Amino acid sequence: AQSVAQPEDQVNVAEGNPLTVKCTYSVSGNPYLFWYVQYPNRGLQFLLKYITGDNLVKGSYGFEAEFNKSQTSFHLKKPSALVSDSALYFCAVRDMRNAGNNRKLIWGLGTSLAVNP
Amino acid sequence: SAVISQKPSRDICQRGTSLTIQCQVDSQVTMMFWYRQQPGQSLTLIATANQGSEATYESGFVIDKFPISRPNLTFSTLTVSNMSPEDSSIYLCSVEIRARGTDTQYFGPGTRLTVL
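Read top to bottom, the protein sequences are chains W and P.
1 is the number of the first residue of the first sequence in my numbering; add one for each residue after it.
1001 is the number of the first residue of the second sequence in my numbering; add one for each residue after it.
Incorrect hints may have been included.
As the list claims (entries may be wrong) - Derived pair list, reagent style DSSO-like, types lysine-lysine, alpha-carbon separation capped at 27 Å:
1. K22(W) with K58(W)
2. K104(W) with K1065(P)
3. K77(W) with K22(W)
4. K1007(P) with K104(W)
5. K22(W) with K69(W)
6. K58(W) with K69(W)
These are computed hints drawn from the structure, not numbers from a lab.
Bear in mind the structure is a predicted one, so any value in this text is a computation, not a measurement.
Extracted from the complex, chain W is given alone in its bound form:
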């Protein structure tokens, strides 16, 4: 069965420090992996995705994520956090083999990031 785990409900970092939001996944085949961000009272915004190729993926707002196949992880990172990065972050996965109506995303429970000034 496919699943996504975000082991931390909340992450707190000081502004200017590097941040990491963790995500691990389980799929039968090869994964497509996604990160989304949700600012307060807003819809979800796509940040970045991993399909194949380079393990380090760069996305919007200075975020990047590293795909690690051996650890089945796709952690979101940013070298220097901003207060405006404070939001809810979701990791999602889809099995590359799934097609048609079965290609829905499997979502993590979300991680609340608080960046303190």
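Knowing the structure of chain W, use the given hints to seat chain P on it.
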């Protein structure tokens, strides 16, 4: 990406009534999705809506309670029928757009529903 709008943005409804939520996208898309999200929590997929076919519902969701229309490639509606306070939630539509090798979901701003 795509520009996706939802109407209404929020509503307060009485139990036993129904509300229809509209989702409009600025480009033609094959697959649209309807989600429910409790504030601060994860997303729960209600159904997948392909143009020209019946919506596919996830376990725990039925067509009588959440009928969906998909009349064309840019529009869909979700109706929350015979509402109860347990239906209070944020309802999100998303569309799937093919970009750089795979399909990516993009989301509307959501509809915040409160049922009294």
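Can you list which hints this structure breaks, lowest number first? Violated hints: none; all satisfied.
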